[in-house]
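Trainee: Here is what each chain is made of, one letter per residue.
2 protein chains.
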Amino acid sequence: MDKLIEKIIEKQNPTVAGFDPKLAYVPEFIKAECFSKYGNTFEGAAAALFEFNKRLIDALCDIVPAVKPQAAYYEMYGWQGVKALYHTIDYAKSKGMYVITDGKRGDIGATMEAYAAAHLGTTEVEGAKLEAFGADALTVNGYLGTDCIRPLLGICKEKNKDIFVLAKTSNPSSGELQDKKIGDKTVYEVMGEMCEGWGAETIGRHGYSAVGAVVGATYPEMLRELREKLPHTFFLVPGYGAQGGGAEDAKFAFDKNGLGAIVNSSRGIMCAWTKQDGKTEQNFAEAAREEAIRMKEDLQSVLSNQ
Amino acid sequence: MDKLIEKIIEKQNPTVAGFDPKLAYVPEFIKAECFSKYGNTFEGAAAALFEFNKRLIDALCDIVPAVKPQAAYYEMYGWQGVKALYHTIDYAKSKGMYVITDGKRGDIGATMEAYAAAHLGTTEVEGAKLEAFGADALTVNGYLGTDCIRPLLGICKEKNKDIFVLAKTSNPSSGELQDKKIGDKTVYEVMGEMCEGWGAETIGRHGYSAVGAVVGATYPEMLRELREKLPHTFFLVPGYGAQGGGAEDAKFAFDKNGLGAIVNSSRGIMCAWTKQDGKTEQNFAEAAREEAIRMKEDLQSVLSNQ
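Protein chains in written order, with this note's numbering: chain A, 1 to 306; chain B, 1 to 306.
Just so you know, the hints here were simulated from the structure itself, not pulled from any lab data.
One thing to keep in mind: the hints can contain errors.
The list cannot tell twin chains apart, which means a pair is met if one copy fits it or any two copies do.
With a straight-line Cα cutoff of 35 Å, these simulated DSBU-like cross-link-like pairs (lysine-lysine) come out [unchecked claim]:
no., residue 1, residue 2
1, Lys180, Lys229
2, Lys93, Lys256
3, Lys279, Lys159
4, Lys180, Lys157
5, Lys37, Lys159
6, Lys22, Lys159
7, Lys54, Lys22
8, Lys129, Lys275
9, Lys159, Lys7
Bound-form chain A, shown alone (with noise of 0.2 Å):
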């Protein structure tokens, strides 16, 4: 987790960026320009999601350390959205961000391979390794037990990238099953102990390892419990902002020393413009600058009181 880790520190900001273009979301500018070349198509569709999460890079590249974006959102556009996702990953590598692919895969041993080089590796095709996707870090559904595991934790190791396991989710059902105790212990506490197993021998300088979880905002009681519990395991933390966790929940993801976690903001950053007095849609990226800017400080104001 090094890398994710560095990079937050030279910018002094752990939030992290989600990208979850709908469509709804898009500037009409962006739009019309995009539909006028393409038609009302897929096409024209990922041609436009491409360019606002072009144009919200460039906003947040010197300020924000990673981007998320969130796949669903991709795949909603068919392939030719996923192409979208691809070049938005690609763009957002060359302005030095960090990518996270929330992707939430999980699956069988060899199967799960096949996810981690889409994701994470390199597929071979005659001789050639070529890079499917090519993100930093990639979120994973432990469900399926360490057979689903192992197979992301060679490619971590060997070309230094990570994972975040779903543990404690930030939507409200998440307890169904993830708050039921197995003898003295939640299913979220078993699934963040798990993520301490898988992760122990691929500790950093930092003294978090590749397998991190993702912990909601939304139920800080739950992240202070965890935080405590798996001194190893990095956070990403959804739930702040739109789904109604703030700094103060926020804060108990992070240890001692400011670190360990990462706290995504999605609608909150992409639509900034719609709440913020005198904005337009175009000033969407400004304004998401904006709400990046106060974001950091609204976290740093929690943890140098901490």
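Starting from the structure of chain A, add chain B where the hints point.
Mentor: Same frame as chain A, now just chain B:
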């Protein structure tokens, strides 16, 4: 689930052919043609995958009711591979087959709506409703609870689609979480009961709901237990053949009418020519058909003895 069940009855065959086309499984003569046309690129690989799948579909479509492409094996060839997934689904449907996209997707509400639109529904682009992938069913990971399932139920009802939620997977480490006890029930049992609940309003003519479950043939006792406890939940059964399960194991997935489940074979069918005397890769499609007939007879023999 009626559409699938009626195709199974019509073909008298509860088999789904898994399309997990590693490039290594694709015959050399297909690859040579595609790589000479497109170079050693993802375009070439994707063309080879689609040509392989197309010939398999032609050889199987009159005897096998369904195909299950595994998304990972397409994603590993980039957006070009994902385009081949789209064409595979489209071609299989044009030949009357029921298509299950094996993506094991799972996310929170708004994002799950995007996955539901992507894989089962339609996406609106400037008023036009376009199909991104358009499968008949999607495999789903329910770790996030009802928030993850609800967006799918609407599309299942409206468009006569189905989902299969992971309950007890076929892999060796599936028990690490799934077999753990929550009170007096296992995690997979809790997940199975949630499937019954989620499906309650979508029970069709044959007594099964739109919410099926994935239960591996490699755990026959658990198959038997779940078949009894989940009378309205149709099972997708992986693990037959290459993973070690046989018809004697898979039979516990079926109800007293010989319905209630569909058994998957991937490598067993795709790579059948490597196991049959006198076959070369030139005969891969013919060998796949012979293996599908053998598997059908294998399953029928245990079902007629129940």
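Trainee: All the hints need checking, so say for each whether the structure fits it.
Mentor: Evaluation of the provided hints:
no., hint, result
1, Lys180 with Lys229, "both (18 Å within a copy, 20 Å between copies)"
2, Lys93 with Lys256, "within (30 Å within a copy, 56 Å between copies)"
3, Lys279 with Lys159, "neither (42 Å within a copy, 40 Å between copies)"
4, Lys180 with Lys157, "both (33 Å within a copy, 30 Å between copies)"
5, Lys37 with Lys159, "between (39 Å within a copy, 32 Å between copies)"
6, Lys22 with Lys159, "both (32 Å within a copy, 22 Å between copies)"
7, Lys54 with Lys22, "both (15 Å within a copy, 33 Å between copies)"
8, Lys129 with Lys275, "between (45 Å within a copy, 30 Å between copies)"
9, Lys159 with Lys7, "within (17 Å within a copy, 46 Å between copies)"
Checked against the numbered hints listed earlier, the structure breaks hint 3 alone; every other hint is satisfied.
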